[in-house]
Structure formats: structure tokens, C-alpha cells
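Asker: Single-letter residue listing:
Number of protein chains: 2
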Amino acid sequence: MYSHVQLNKAYRLLNHGPTILVSSRHNGKQNIMAAAWVTPLDFDPPRITVVIDKSTYTRELIEASGTFAINVPCVAQLDVVRKVGTTSGRDLEDTDKFAQFGLETFTAKEIDAPLLKGCVAWLECRIIPEPYNQNTYDLFIAKVVAAYADERVFSAGHWHFEGHDDLRTLHHVAGGEFFVTGAAVKASL
Amino acid sequence: MYSHVQLNKAYRLLNHGPTILVSSRHNGKQNIMAAAWVTPLDFDPPRITVVIDKSTYTRELIEASGTFAINVPCVAQLDVVRKVGTTSGRDLEDTDKFAQFGLETFTAKEIDAPLLKGCVAWLECRIIPEPYNQNTYDLFIAKVVAAYADERVFSAGHWHFEGHDDLRTLHHVAGGEFFVTGAAVKASL
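Taken in sequence, the protein lines are chains A and B. Position 39 (the first sequence) corresponds to 107 in this note's numbering; numbering is contiguous. Position 94 (the second sequence) corresponds to 162 in this note's numbering; numbering is contiguous.
Some hints here could point you the wrong way.
One copy or two, it doesn't matter: identical chains are merged, so the pair holds either way.
Dumping the calculated DSS-like pairs for lysine-lysine here, alpha-carbon to alpha-carbon at most 27 Å [as the list claims (entries may be wrong)]: (1) Lys77 <-> Lys151; (2) Lys185 <-> Lys151; (3) Lys185 <-> Lys254; (4) Lys211 <-> Lys122; (5) Lys151 <-> Lys254; (6) Lys211 <-> Lys77; (7) Lys122 <-> Lys151; (8) Lys122 <-> Lys77; (9) Lys177 <-> Lys97; (10) Lys77 <-> Lys254; (11) Lys97 <-> Lys122.
Quick caveat, the hints were computed from the structure, so don't treat them as lab data.
The whole structure should be built from the sequences, with the hints applied where relevant.
Answerer: Next comes the structure, spelled out in C-alpha cells:
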């Protein structure tokens with residue numbers, strides 16, 4: 069179903085700017101939220117930045133655990149992305165978003181976090197502590213320590229969505245409106 | 069041709085993760101380069117982050133001027149994006165990339181920078197000096213001080229590319245391979 073992505077190619081999972089889901093676990097509590105503000109920061113070692121608001125339950129979990137996973141969702145998961153992006157795990161009594169919305173997961177390898185099944189790529193991340201950025205800008209810098217992708221749409225360092233429209237990635241604009249990742253084009257140079 | 073975008077809606081020009089061009093001017097020297105690693109950081113006041121490598125001529129100009137412009141290019145400009153992304157303005161004698169590649173510009177209003185004609189959105193940015201982030205991570209944080217968009221594809225805070233396929237935005241993967249911003253979809257919730 070999925071295969072490992074070489075760490076020096078992991079930036080290609082995010083380079084086209086898809087909306088992602090951040091999942092986290094600490095002391096048995098787990099959560100998942102949508103985030104559009106993620107971007108690569110370096111190729112090798114692969115580092116990324118992600119903006120996580122102070123008000124979120126995810127913020128509490130990732131600051132406590134020092135880790136999180138990035139899940140790259142696809143068109144088939146549009147409503148899941150919206151659901152986990154508009155509810156707070158803190159408001160759920162005796163359950164979590166995974167149970168609440170019937171989301172299946174598998175286990176991360178290098179960190180303790182649930183990875184969402186049905187996504188097309190996953191990056192396991194370890195936070196590089198930068199308290200000033202975190203407190204001033206809600207900005208987290210993290211090292212990617214493992215990466216995987218659904219080999220039907222990403223292999224040998226390249227996305228290939230043709231024939232898999234339901235597995236295309238998503239780009240959030242605002243208020244539940246997204247663009248689907250469209251046609252591949254290549255510069256003539 | 070273009071209209072002002074309210075500053076609290078400026079993040080929507082970048083939220084879907086397009087590849088952008090950074091343009092800059094200082095003491096009569098000007099340059100433009102491609103960058104994929106840009107993302108909103110806050111809504112209001114609008115702030116963004118962008119990664120600008122130390123080796124680039126743009127880095128020299130924006131650190132000297134304290135400002136830069138983000139130009140959001142479109143499909144019609146695919147080869148321009150590639151050209152300005154694979155050459156250095158430092159290597160051009162007695163000219164610059166604008167003259168070299170026949171690029172027309174208009175003048176920014178709040179900062180001193182050339183804005184590239186034919187793009188579909190522009191954000192004028194003033195750097196918030198953070199020397200540690202700049203030196204350690206090549207990461208710049210900036211405040212958006214003015215924003216515009218081509219009203220054929222962005223108005224009232226929303227992108228609407230239907231009927232304007234040549235004006236769709238681009239998402240770089242690697243090596244001159246891009247995805248075009250695809251179909252609009254809306255979550256059912």
C-alpha cells in the first residue's frame with residue numbers, strides 16, 4: 069500500500085503546497101487537525117515548518133511529546149479533512165476524533181503518533197525546539213525522521229496522479245473550499 | 069487589470085500553496101527568483117514566511133532593502149518561472165533578469181520593488197528582522213503591506229479560475245515539473 073520515501077526526497081511530498089493533517093499522541097491522548105500552513109525548510113536533512121495555533125489541542129500534545137506526524141490527505145477524504153479541521157479534540161469527552169469520526173490509523177515507526185489510513189503520504193517529524201518562534205509566531209520547525217507514500221501516486225521521487233483522481237491532494241483556500249492538485253506540466257527548458 | 073485585495077484576505081492568495089516569484093530592488097539593482105517555500109503565518113496583520121537561500125542574489129537585495137514583493141505566476145508564464153528560477157542575477161553583466169528575459173514590470177506602491185506583469189497576484193512585503201532565523205534557517209518573516217490580484221481570477225476574497233486555464237497558478241514539485249491548480253471542490257459540511 070505504501071512505501072518508504074528517501075529522506076532527501078521527502079520535501080517533494082509537500083513542495084506543491086498541499087493541505088495536510090497533523091496527528092499527535094502523548095500519554096495515551098491523541099488528536100488530528102487540519103493545517104494549510106506547512107512548507108519545506110531544507111532538503112537534506114529534511115526540515116519543515118508548520119504553524120500550529122496556541123489554542124489548539126494539537127499544540128498541547130506536540131509540545132509535550134516533541135513530535136508529530138504530517139498526513140497528506142486526498143480528494144476521497146475531503147469531508148474528513150473538513151471535520152477534523154473544524155472540531156477540537158479538547159471538546160470530545162471520553163473519546164477522540166479518531167473514534168468520533170471512525171478514522172482508522174496505523175502506527176508511526178520513529179515517533180509515537182497515529183498515521184491516518186487513506187492518506188497518500190506521511191512524514192514523521194521531531195520538533196527542533198525554538199521556543200521564541202513557537203511563542204511569538206506559533207511557528208514550529210521540525211526534522212523529518214521518516215516518510216512514506218502511497219506508491220500508486222508517488223514513487224521514485226515523483227507524484228503521478230493520472231488514473232487516480234480520488235487520490236489527488238488538496239489545497240485549502242478558506243471556509244471548506246479547496247482546489248484539487250491538477251494537471252502535471254513541465255517547463256520546456 | 070488588477071484590483072486591491074483587503075489585507076486580511078491576503079493570505080488567500082497563498083493559502084493553496086502556489087509557487088511564487090520573489091522580486092526585489094535596492095540601490096537601482098533589481099532581481100527576481102522563483103521560490104516554492106512560502107506560506108502564510110498569520111491572517112491579520114497578514115504575515116508570511118519565505119525561505120531564501122544565502123547563496124542567492126535576491127538574499128543580498130532583500131537584506132539590504134528590508135523589503136520584497138511576492139508575485140504569483142500562472143500557467144502562461146511557465147517558462148518564465150523556470151528561467152528566473154534557474155539563473156542567477158549575479159551572473160548577468162550590465163543587465164538584469166528583467167531585461168535579459170524581456171520581462172515587463174510595474175511599480176510597487178508601499179515598497180521599492182518591480183512587480184512582474186502577467187502574474188495573477190502580488191503581495192508587497194516588509195521584512196520583520198529576525199537575524200537568528202535568517203542566519204540559521206534561511207527563513208524570513210515578513211508583513212504584507214499591500215496586495216493585489218488579477219480580478220479575472222480573484223475577487224471578493226476568492227479565486228475563480230474557470231474559463232481562464234492560462235491564468236491558473238502553479239505548484240512546483242522538482243526539476244521544472246509543476247502541477248497546475250485544478251478543480252475547485254467544497255466539503256459538504
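Asker: State for each hint whether it applies.
Answerer: Verification of the supplied hints:
1. Proximity of Lys77 to Lys151 under the C-alpha cut-off of 27 Å is restricted to the inter-copy arrangement: shortest distance 23 Å between copies versus 30 Å within a copy.
2. In this assembly of identical chains, Lys185 and Lys151 lie within 27 Å of each other by CA distance solely inside one copy; the values are 16 Å within and 39 Å between copies.
3. In this homomeric assembly, Lys185 and Lys254 come within 27 Å of each other (Cα to Cα) only across copies, at 22 Å, whereas the closest approach inside a single copy is 31 Å.
4. For the identical chains of this complex, Lys211 and Lys122 are neighbours both inside a copy (21 Å) and across copies (20 Å), given an alpha-carbon limit of 27 Å.
5. Taking the shortest Cα distances, Lys151 and Lys254 sit within 27 Å of each other only across copies (13 Å), while inside one copy they are farther apart (35 Å).
6. Taking the closest pair of Cα atoms, Lys211 and Lys77 come within 27 Å of each other only inside a single copy of the chain (13 Å); across copies the shortest separation is 31 Å, beyond that limit.
7. With identical chains, the CA atoms of Lys122 and Lys151 are at most 27 Å apart within one copy only, with a shortest distance of 20 Å there and 40 Å across copies.
8. Taking the shortest Cα distances, Lys122 and Lys77 sit within 27 Å of each other only across copies (21 Å), while inside one copy they are farther apart (31 Å).
9. In this homomeric assembly, Lys177 and Lys97 come within 27 Å of each other (Cα to Cα) only inside a single copy, at 18 Å, whereas the closest approach across copies is 50 Å.
10. Proximity of Lys77 and Lys254 under a CA criterion of 27 Å is satisfied intra-copy only: 19 Å inside one chain copy versus 31 Å between copies.
11. When the C-alpha separation of Lys97 and Lys122 is checked against a cutoff of 27 Å, the pair qualifies only within one copy, where the shortest distance is 18 Å, while the shortest distance between copies is 41 Å.
Taken one by one, the earlier hints all hold for this structure without exception.
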